[in-house]
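With chain H fixed as given, assemble chain U onto it according to the hints.
As a plain string of letters, each chain reads:
There are 2 protein chains.
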Amino acid sequence: MQVAETIAEIRACVARARKAGKKVGFVPTMGALHAGHASLIDAATARCDYVVVSVFVNPTQFGRGEDFNRYPRPFEKDVAICEEHGADAIFAPSAAEMYPRENLSWVTVEKLSEPLCGRFRSGHFRGVATVCTKLFNIVCPDVAFFGQKDAQQAVVIRRMVADLNMPLEIVICPTVREPDGLAMSSRNQYLSPGERKDAAVVYRSLSRGRELIGAGERNADVIRARMQATLQEVASVSIEYIGIVDAETLEELDRVRGRVLVAVAVRLGPTRLIDNILVDAPPG
Amino acid sequence: MQVAETIAEIRACVARARKAGKKVGFVPTMGALHAGHASLIDAATARCDYVVVSVFVNPTQFGRGEDFNRYPRPFEKDVAICEEHGADAIFAPSAAEMYPRENLSWVTVEKLSEPLCGRFRSGHFRGVATVCTKLFNIVCPDVAFFGQKDAQQAVVIRRMVADLNMPLEIVICPTVREPDGLAMSSRNQYLSPGERKDAAVVYRSLSRGRELIGAGERNADVIRARMQATLQEVASVSIEYIGIVDAETLEELDRVRGRVLVAVAVRLGPTRLIDNILVDAPPG
Chain H
114 MQVAETIAEI
124 RACVARARKA
134 GKKVGFVPTM
144 GALHAGHASL
154 IDAATARCDY
164 VVVSVFVNPT
174 QFGRGEDFNR
184 YPRPFEKDVA
194 ICEEHGADAI
204 FAPSAAEMYP
214 RENLSWVTVE
224 KLSEPLCGRF
234 RSGHFRGVAT
244 VCTKLFNIVC
254 PDVAFFGQKD
264 AQQAVVIRRM
274 VADLNMPLEI
284 VICPTVREPD
294 GLAMSSRNQY
304 LSPGERKDAA
314 VVYRSLSRGR
324 ELIGAGERNA
334 DVIRARMQAT
344 LQEVASVSIE
354 YIGIVDAETL
364 EELDRVRGRV
374 LVAVAVRLGP
384 TRLIDNILVD
394 APPG
Chain U
114 MQVAETIAEI
124 RACVARARKA
134 GKKVGFVPTM
144 GALHAGHASL
154 IDAATARCDY
164 VVVSVFVNPT
174 QFGRGEDFNR
184 YPRPFEKDVA
194 ICEEHGADAI
204 FAPSAAEMYP
214 RENLSWVTVE
224 KLSEPLCGRF
234 RSGHFRGVAT
244 VCTKLFNIVC
254 PDVAFFGQKD
264 AQQAVVIRRM
274 VADLNMPLEI
284 VICPTVREPD
294 GLAMSSRNQY
304 LSPGERKDAA
314 VVYRSLSRGR
324 ELIGAGERNA
334 DVIRARMQAT
344 LQEVASVSIE
354 YIGIVDAETL
364 EELDRVRGRV
374 LVAVAVRLGP
384 TRLIDNILVD
394 APPG
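Top to bottom, those sequences are chains H and U. For the first sequence, the residue numbers in our numbering are 114 to 397. For the second sequence, the residue numbers in our numbering are 114 to 397.
Since the hints were made in silico from the structure, they are not lab data. For every residue, glycine included, the Cβ atom is placed at its ideal position computed from N, Cα and C. Do not take every clue at face value.
Pairs of lysine to aspartate or glutamate residues, derived as EDC-like cross-links and limited to a Cα-Cα distance of at most 20 Å, are as follows [said to hold, decoys possible]:
no., chain 1, residue 1, chain 2, residue 2
1, H, Lys132, U, Asp255
2, U, Lys224, U, Glu364
3, H, Lys262, H, Asp293
4, U, Lys262, U, Asp393
5, U, Lys132, H, Asp255
6, U, Lys224, H, Glu215
7, H, Lys310, H, Asp293
8, U, Lys310, U, Glu282
9, H, Lys224, H, Glu364
10, H, Lys136, H, Glu196
11, H, Lys224, U, Glu215
12, U, Lys262, U, Glu365
Sample of chain H residues at the chain U side, in silico, Cβ under 10 Å [to be verified]:
no., residue
13, His147
14, Phe188
15, Arg214
16, Glu215
17, Val222
18, Leu225
19, Thr246
20, Arg272
21, Met279
22, Asn301
Here chain H is said to cover these stretches of chain U; the calculated rule only asks that three of the stretch's residues, wherever they fall, bring their Cβ under 8 Å from a Cβ of chain H [claimed, not checked]:
no., stretch
23, 182-196
24, 223-229
25, 241-250
26, 278-290
Just chain H, with the same shape it has in the complex (with noise of 0.2 Å):
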């Protein structure tokens, strides 16, 4: 496995992979990987001949006051996990080699970056969205891999792909979760063991939600109300907010039907997660 800091090396990389005649998979990744991320280069190796992972914590996705300086950077468990699960090239730039000037040119994506995280996180999509354009201008992947756990940048990207012709297929893979249902998630631990135990609630709370719509409760004002008792059961837990949106288009749905995102973000101390659940409300 060749691990490649500059753009000028991944870009070799890919290129003898693509004369060979191997259709290039990437998965874009800040690092600290887990089983999550390991999912993704699994669902890559399986479809593509060459895997590349990205491990690149993108300053210009965190907003002030967040988390850059401190999120994990276990680089070398992360070349592990690559390697063991099969992939070939590691692109691991420094800020300098991706941002080496000051930045001016910004892909943003309208409406959709604007609900549930937006609201919170001013600029975060916009960052996303940039830094997968580069990224992509940089691998030139034939497939790119995404997590669900991160629903609003899973349809952000998707629809930048789109409108802007790039040569690319997206797929979104399942979210991963931990035995009592927390998505798996580089943040997972940030949490004492106290908040770990306390973060079940927000898979309990989603898969509430989904029992209510499969129970045929249709008024979003009602599952919304639910789901936030549930959450309310966990003292230590506050809300960001409860979304129970259009799956594609993320707006705000007052009654549901159709595909439905089921979207949570609450803040356990210090610690801000986000977890989401799709689901078909069945018809009538």
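Structure of chain U alone, referenced to chain H:
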């Protein structure tokens, strides 16, 4: 020569060329081709093995009240010029092919889009950057060719390509002029015979600026005032701007130094004309 109207068709053409090991050149245009465009196609055929010319009047780079609807679309003449100059394919999509749904994803280039034409054409460079991104992602060229005539566009596109790591080279070709110095432009055909004669004053004013710098004048206000006096010799001309700016940052200069972009925008009746020259201020 192929004429492709769909994204799938032009991608198939380029894929065949690339499979045959050909270097792909690209000349994006809005059609109404003239000798300036022809020189871009000539530059492309000289440097590349397979040359695509796009002909697309891009709605997103026109403001309200601008000339989108009456912009000339002499498609058969355009095809003949492309053929004559050795282009291998024309990509001439419909607006619905390029924008099949509400476009939510935009590429913006901060700072460089704001001065000069940016002050008078709100959203113009966002539309240009976005459509060029789309076209680059569709055609996937090795090299794309633009004219120096649209100096600010050239600076914006170069910076966008650098910032976003787009995998192509940008070549800027010299402005082609009529015998009286008027820069070739598709919009010149809007001019009445009298306006056409008057229009030569634009290049005379630029030449005046260059002479002054060559003669050692370093005070940009003095140069602007002399250029303004030259333009005002023609009563039908109304001045939009006279820019004496850094050729890279487009920042207005007080003292002329280094590589300077001398740029003018005027209106002659309803017709907006722009032109510019690059001048290297001799040291001292």
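Taking each numbered hint in turn, which are not upheld by the structure, reported in ascending numerical order? The structure conflicts with hints 8, 13, 14, 22 and 23, although it agrees with all the remaining ones.
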